[in-house]
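Listed below, chain by chain, are the residues.
4 protein chains.
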Amino acid sequence: MKIEAFPIQRVSGGECRIATPLAQTTPFTRDDAKVLYDREVSGARIDLESVETIYAFEKAGPREKIFFDPRWCKAAILTAGGLCPGLNNVIKGLTETLKMVYGVPVVYGIPYGYAGLNPACGYSPVILDDLTVDGIHEQGGTILASSRGNQDVLTMLETLIRMDINMLFCIGGDGTLRAAHELAQEIQKRNLNICVIGIPKTIDNDICMIDKTFGFETAVHATNPMITVAHNEAKGAPNGIGLIHVMGRDSGFIAAYSSLANPHVNFCLVPEVKFTLEGQPDSFLPMLHDRLKRRHHAVVIVAEGAGQDLIAGERQVDKSGNLLNNNIGMFLKDQIKDYFKRQNFEVNIKYFDPTYLIRGIPANSSDAVFCLLLAQNAVHAAMSGRTDMLVGHWSDTFTHVPIEMAIRERKKINPKGSLWRCVQLNTRR
Amino acid sequence: MKIEAFPIQRVSGGECRIATPLAQTTPFTRDDAKVLYDREVSGARIDLESVETIYAFEKAGPREKIFFDPRWCKAAILTAGGLCPGLNNVIKGLTETLKMVYGVPVVYGIPYGYAGLNPACGYSPVILDDLTVDGIHEQGGTILASSRGNQDVLTMLETLIRMDINMLFCIGGDGTLRAAHELAQEIQKRNLNICVIGIPKTIDNDICMIDKTFGFETAVHATNPMITVAHNEAKGAPNGIGLIHVMGRDSGFIAAYSSLANPHVNFCLVPEVKFTLEGQPDSFLPMLHDRLKRRHHAVVIVAEGAGQDLIAGERQVDKSGNLLNNNIGMFLKDQIKDYFKRQNFEVNIKYFDPTYLIRGIPANSSDAVFCLLLAQNAVHAAMSGRTDMLVGHWSDTFTHVPIEMAIRERKKINPKGSLWRCVQLNTRR
Amino acid sequence: MKIEAFPIQRVSGGECRIATPLAQTTPFTRDDAKVLYDREVSGARIDLESVETIYAFEKAGPREKIFFDPRWCKAAILTAGGLCPGLNNVIKGLTETLKMVYGVPVVYGIPYGYAGLNPACGYSPVILDDLTVDGIHEQGGTILASSRGNQDVLTMLETLIRMDINMLFCIGGDGTLRAAHELAQEIQKRNLNICVIGIPKTIDNDICMIDKTFGFETAVHATNPMITVAHNEAKGAPNGIGLIHVMGRDSGFIAAYSSLANPHVNFCLVPEVKFTLEGQPDSFLPMLHDRLKRRHHAVVIVAEGAGQDLIAGERQVDKSGNLLNNNIGMFLKDQIKDYFKRQNFEVNIKYFDPTYLIRGIPANSSDAVFCLLLAQNAVHAAMSGRTDMLVGHWSDTFTHVPIEMAIRERKKINPKGSLWRCVQLNTRR
Amino acid sequence: MKIEAFPIQRVSGGECRIATPLAQTTPFTRDDAKVLYDREVSGARIDLESVETIYAFEKAGPREKIFFDPRWCKAAILTAGGLCPGLNNVIKGLTETLKMVYGVPVVYGIPYGYAGLNPACGYSPVILDDLTVDGIHEQGGTILASSRGNQDVLTMLETLIRMDINMLFCIGGDGTLRAAHELAQEIQKRNLNICVIGIPKTIDNDICMIDKTFGFETAVHATNPMITVAHNEAKGAPNGIGLIHVMGRDSGFIAAYSSLANPHVNFCLVPEVKFTLEGQPDSFLPMLHDRLKRRHHAVVIVAEGAGQDLIAGERQVDKSGNLLNNNIGMFLKDQIKDYFKRQNFEVNIKYFDPTYLIRGIPANSSDAVFCLLLAQNAVHAAMSGRTDMLVGHWSDTFTHVPIEMAIRERKKINPKGSLWRCVQLNTRR
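Chains as they are written, first to last, in the numbering used here: chain A, 33 to 461; chain B, 33 to 461; chain C, 33 to 461; chain D, 33 to 461.
Chain A on its own, in the form it takes in the complex (with noise of 0.2 Å):
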């Protein structure tokens, strides 16, 4: 039985000969360190004596031995896709870990994601330093700008040649992933010393082999008064319900957690749990009507990718290559009226759309911690060579994920899990 970590890149075969700037005092982190994927056994399930092999990841830290000289570094740091809570934390932590810890002379932010590395789209670099980044950690958005969508990967490349940048770090989601996985493999191909290290960011929180990620608590929490205020409308007439439609393209964390964090929910609709709105016993209309006439008011939350087999007609698709929904939320909206109606039965319904209102605030303080760390660590891993991964979180500590096992899918609510069936004890009355 042996124990494998998931392998890492590095440039040029990543030896690493360069002592670490950082003092010999720092608990540095063994390259040998791992973080089991396992974390849980049950006599049934596994049998040690007779597995092969564990899994786990490469444990994240500083190293002793670094592959590049500090001094001598270029870095750049871009975000990309839409905002997240957090986005400004990442680059004030990659920019002063960068500089005021390793000491790198020379830091770029490239504004508007990847269309900033595109010299045809016009835009300059900027370059990030201690007072750039003094107090961005208080606001939303980010300071570099974001745009949707990919770019050539050999122009991308040509750009970060001529500038001489060694290190790539790119904050985005499951596309901005994927072009960064591309690029990295490209310089992998050449051989080239030039690391690209990625920071998922999703506020869905569906990137797999990621407990979590950065943004998603501070949307939990920002939804969390607009369920009170939801709640509040629905007590407020005769037959309130307050309908909520929250982000969640393929995965409902959002709604669930919010639901779990704020017991007024009454009705929780998710993408991984299919519903139908009328004809089976535990069908969701009648299931609302019950409730009202038992207590006369309702709350409903409903994630942007839950039952887009109910509603008719084609999904479009937006630049970073993503199927969009159909607006739930409406549709529901609609259904509910209709169906009341028929009963002849007074409800009123109020309609909630958060989406943009949670995602441009600033991080709240369990993410602006989580946005420090995963960016401290970031910097480690440039430092040390590795490239075409991303920092992740597993067990309560800081790993380092291939890039492509990450996209391979998105993670999601298992129906069959102990989250969904928190939820359930929790919203069925």
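Take the hints with a grain of salt, since some may be wrong.
[Unchecked claim] Below are the DSS-like pairs computed for lysine-lysine, each with C-alpha atoms no more than 25 Å apart in a straight line:
(1) C:Lys97 x B:Lys97
(2) B:Lys448 x C:Lys369
(3) C:Lys244 x B:Lys244
(4) A:Lys325 x D:Lys131
(5) B:Lys131 x C:Lys325
It should be emphasised that the hints constitute simulated quantities derived from the structure, not laboratory data.
Here the structure of chain A is known, so what remains is to put chains B, C and D in place on it, guided by the hints.
Just chains B, C and D now, with coordinates in the frame of chain A:
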């Protein structure tokens, strides 16, 4: 020259012979205390010598002699129309002043507005006391629930008589106050000793003869961070536009004050000031285009009643008889998209509609204080036998206002006044 | 009978011959527009016929003709004394109105208050423009920094002359305004064309002839949730007492309004109303004892200047010449402990001192609007050549107030007025 | 090699024969499911082959067969020790899971902690149901009230027996858990079918074998804006110092995480890392001096247990037997003043003590979710007859932890671990 107060009705003529239970050391308000309607003068405009009558409001406050004997009173409170921050503060203030300051033995809460006074609707009143209202000042919504639409005056009056209620406090807007006025008139016609006091509620701050209404400041305060989020979204994408649709059916006070409170707003569109989309030098779309070319991002705030003349199609009427606006927010979003497509100019619009999110929240501190003082003064007015009036606020003082005067027309932004001047000075960049 | 405005000084007599750069459509304020000082009348108190003079404030606002040519102006802004919510809003409002509305080419920020005008202190002025002040309205504190204590008038005047500054905006309290007055007097004596405009800053809201000062509402708003926390602590332990010590050196407005805003307060102690600890039927400690016996928890709020006569020991003086209070909060805590020990009655006291926590925060929306309008009107006043005045607020209108009138004495709660009456009605349970 | 779970006590041996009332589709947790104690391995540190035993926690969750018949259960809940954000969430979660998920007919709330189980204290239990706990998740404090200090084990046991209570949930810290352990031991000795389940409460996050405790994240979140205020005060005055004293009797987690969450912190002082005031090259005061000379402002955060060796004088003990710290915050303030006076260097210190302000507030969303899941799992554990244990959290999973293991020592920051490394990398400027 004489100073004349707007006349306030009193039940049975309203002679006050009962000694108030308030301590003798209380600074009582004299019946002839008045608050001047005109607070400004200028040499050119007003020649005091030649003016025959200066108008004034009766000043609100506790009277040394009162009309009703509190120990024999039964009071009732109702909330009608849409939610507004501070409803629970007013309910708590009324209840505590009635019971603990004056010693009124019974205070009813009438559920679901005027519907609660119509037996056919099947609602039962609740008894309000210090336990029922403990801590409700920290909750949004209304513990009494509300409804729209009027009920038959005679039916309501029968209920008041049957339940032996001699003070009715109606918290609501235009429609609510109109019904309160009709009820009060019918009562006066029959010479009954029942007083009807209105507490004006309009989140739009659009009631005449009253310089501010409760909930308005909270609404502006809650809109403030959303403007910053819209600004973050606008800055975060190429030529980003944050478009915010706020309440303001006939009056744009929320939009105007929000623009002053958060100078990230670049364009403020209100019902009182007409605008064109294209074709004029100062049309909205070319000005937005110009701003984007100069600064690459913009924030637009639009009140729901703005630009209704630009939208084709008939307008509907709600249950309270209010003329409903067509959705100018969605209309503008489409017009902006269409215009820039024609200009072949990439823009990224993010649309915000915080409507319900700013009315179901708890009152902020200013509004909390204001609600309490409205409530105390409403009770003082009722105790002195006044009726068919509402408690207003003028020149930093609480006043008595005949309901009829307040509902005659809506308060609006004066496009030639100082408020709009300040908005213009602050947004024209 | 005549209406007479409190007289405002003007530089060089102040004849205004320059056409304002503001659009001709601006609703300009006439020089003879006035705001009446007395806003209430009662038959008994005032006989208009026999009154010879009615006093009034000059109304603030933009004038059609101005004294200074904005293109030749150099303005300077300074903040002095302690922090107060809204300082940055005023700085931003002044800077933007000067530069963008009037086109003033140079606006200096003077660092560390008056010390910044004394070359011996070694501070350099900063140039303020739209970039410097972008987004500062969302930050607490002051970007200019502040200091206490005065500097020599002649030294400061020399600096103004040397730097060719012809408009000085001084944002500060009592001490700051006194120094501004002395400076303005010296300037007038020498007949120089330099105007000095004060923007009154006192979180205690204790400046005369002005109905509210910026930062005060924010301070009350920030105190509100702390009262709820104190209430939670009080309810959470046997005979719990939440004791909150708030600012209010000479005037108890913060304590009083906080009590109205959050009715969890049971006892409100202010400098204006003397109280005894023991020995009288209405002494504080036995009344607290009584409350605990009845309800088992209590919240007490005490302003720092309250009960100073109860504390033995001399009081010190700070750098700005303010008489420092002995710590009544800690004193009361000890007295309460001691009293209940003597009564052999277990109590649990939790002590809160939020002083600094409520003054270094950003302005809330009401204060943000208020600060902006103060700033706009301060610039209008300076442009018209007015000096030795501050911008005030009276009856919902902005006014010009001679500095000397405002600093003559402090505004205090009238123990026989309606504010204190409302507090008493609301806290005596 | 075998995997061994830390052993959990069960009442009467704990054989589970009753079918749970939960739906058969619930994903039940097997009794042999375990969560590994060691989640990281490194080639050097652990040689799996040679290890004889790998330790693990029992995994928490609902069991398919349970010990108690819910229909015959009487449960009781108590909160003891100081306030902590989330207490009401746990109470609500326990009540709702007991009553609505399992159908337990009677749930008592025991007032004022263990005192409520001692008849001599004279408190009466309250009945908890869905109405009692409705909305309490939005309130700080504890609706059950709390007290410090222990009661006689036999007296408490008699009360449990007399009231026929067979499940006791004790929410509290160290002292509370110790008493719960003694009570459970006595019960086991007598072979009674009463289970005692602990829910660990420590705002300091200092309980062993548990990676986080509820309320801690909220406390860090609430400290965050205060750091910004302290920073504003520090920047606002010449050589300003914001000194913040936070909770952390033995462990500096709040101080450390707050420093990571808000990088305005320049010095973080915790109990686990000794420091000197003067005399060493890295002594605190000269380093602060150096910072002020370079940047003119500084923020210092100090945990209450830090630097106790520097303060002369004996330490006292509170009612719960905790060794009280001398006030390091006030001590440091005096030392700083004194040092800079000696250096003849003007500084302006602003002192913040937010202690109570961060513990009587409602839980933030992360903590709200965490509290609910703790509560659900506590009820699952009780139903399966487990006792003398608490619900813990490890590697993102809920666990069963023997109370004795958890209270053996306190969890502390490892000065050579990664948390402290990150703090140092982030604050040393």
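Each hint tested on the structure:
| no. | hint | in the structure |
| --- | --- | --- |
| 1 | C:Lys97 x B:Lys97 | violated (54 Å) |
| 2 | B:Lys448 x C:Lys369 | violated (61 Å) |
| 3 | C:Lys244 x B:Lys244 | holds (16 Å) |
| 4 | A:Lys325 x D:Lys131 | holds (21 Å) |
| 5 | B:Lys131 x C:Lys325 | holds (21 Å) |
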